[in-house]
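In terms of the numbering used here, the sequence shown has 5 at position 5, counting the first letter as 1, and numbering is strictly consecutive.
Hints are computed from structural coordinates only; laboratory data are not their basis.
Fair warning: this is a prediction, and the values are worked out from it, not measured in the lab.
There's no promise every hint is true.
[To be verified] BS3-like cross-link-like pairs, simulated, lysine-lysine; straight-line CA separation at most 27 angstroms:
hint, residue 1, residue 2
1, K71, K57
2, K47, K71
3, K83, K38
4, K57, K83
[What the hints assert, rightly or not] Listed next, with one range per pair, are the computed distances between beta-carbon atoms:
hint, residue 1, residue 2, range
5, F16, A82, 17 to 23 angstroms
6, P68, G20, 32 to 38 angstroms
7, G96, K38, 23 to 29 angstroms
8, M1, R55, 19 to 25 angstroms
9, V42, K94, 36 to 42 angstroms
10, W64, L91, 23 to 29 angstroms
11, K94, R31, 42 to 48 angstroms
12, G39, E86, 37 to 43 angstroms
13, G53, L33, 27 to 33 angstroms
Cβ coordinates follow ideal geometry from the N, Cα and C atoms, glycine included.
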Amino acid sequence: MIAFMERVAMECVQVFLPEGFTTVGTAVEVRHLNPAPKGAEVEVAAKLVEVEGRRLKFEVEARWGSVPVGKGVHERFIVERAKFLEKVRELARKAGESGAP
1 MIAFMERVAM ECVQVFLPEG FTTVGTAVEV RHLNPAPKGA EVEVAAKLVE VEGRRLKFEV
61 EARWGSVPVG KGVHERFIVE RAKFLEKVRE LARKAGESGA P
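Turn these sequences into a full structure, and let the hints guide you.
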C-alpha cells in the first residue's frame with residue numbers, strides 16, 4: 001500500500017517538473033485503518049498540500065470503495081536525476097569496497 005502511495009504522489013507532480021528532474025521519497029507516516037481482501041480494487045490518492053523549496057508534502061489515502069484502508073503523510077524531494085543517480089553509483093562503489101555505504 002505504501003509503495004502505491006509513493007508512486008501516486010510521484011506521478012502527480014512529475015509532469016510539472018523540468019526535464020531531467022524527478023522526486024525521491026524522504027518520509028512516510030501512514031496508518032493502516034482497515035483490511036482489504038486479496039484482489040480487492042483499492043484506489044490510492046495523493047494531494048499536494050505543502051511546498052517548501054524542493055520539499056513536497058502530500059496527504060495520501062487508500063480506499064476500498066467507501067472503506068478507508070490507509071491514510072497518512074508522504075514527503076518527497078525534487079532532485080536532478082543525473083546527479084542523484086551519480087550519488088547512488090558512488091555509494092554503491094563505496095559499499096562494494098567496505099561492505100557498507
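Hints versus structure:
{"no.": "1", "hint": "K71 x K57", "result": "holds (14 angstroms)"}
{"no.": "2", "hint": "K47 x K71", "result": "holds (12 angstroms)"}
{"no.": "3", "hint": "K83 x K38", "result": "violated (39 angstroms)"}
{"no.": "4", "hint": "K57 x K83", "result": "holds (22 angstroms)"}
{"no.": "5", "hint": "F16 x A82: 17 to 23 angstroms", "result": "holds (19 angstroms)"}
{"no.": "6", "hint": "P68 x G20: 32 to 38 angstroms", "result": "holds (37 angstroms)"}
{"no.": "7", "hint": "G96 x K38: 23 to 29 angstroms", "result": "violated (39 angstroms)"}
{"no.": "8", "hint": "M1 x R55: 19 to 25 angstroms", "result": "holds (23 angstroms)"}
{"no.": "9", "hint": "V42 x K94: 36 to 42 angstroms", "result": "holds (39 angstroms)"}
{"no.": "10", "hint": "W64 x L91: 23 to 29 angstroms", "result": "violated (38 angstroms)"}
{"no.": "11", "hint": "K94 x R31: 42 to 48 angstroms", "result": "violated (36 angstroms)"}
{"no.": "12", "hint": "G39 x E86: 37 to 43 angstroms", "result": "holds (41 angstroms)"}
{"no.": "13", "hint": "G53 x L33: 27 to 33 angstroms", "result": "holds (32 angstroms)"}
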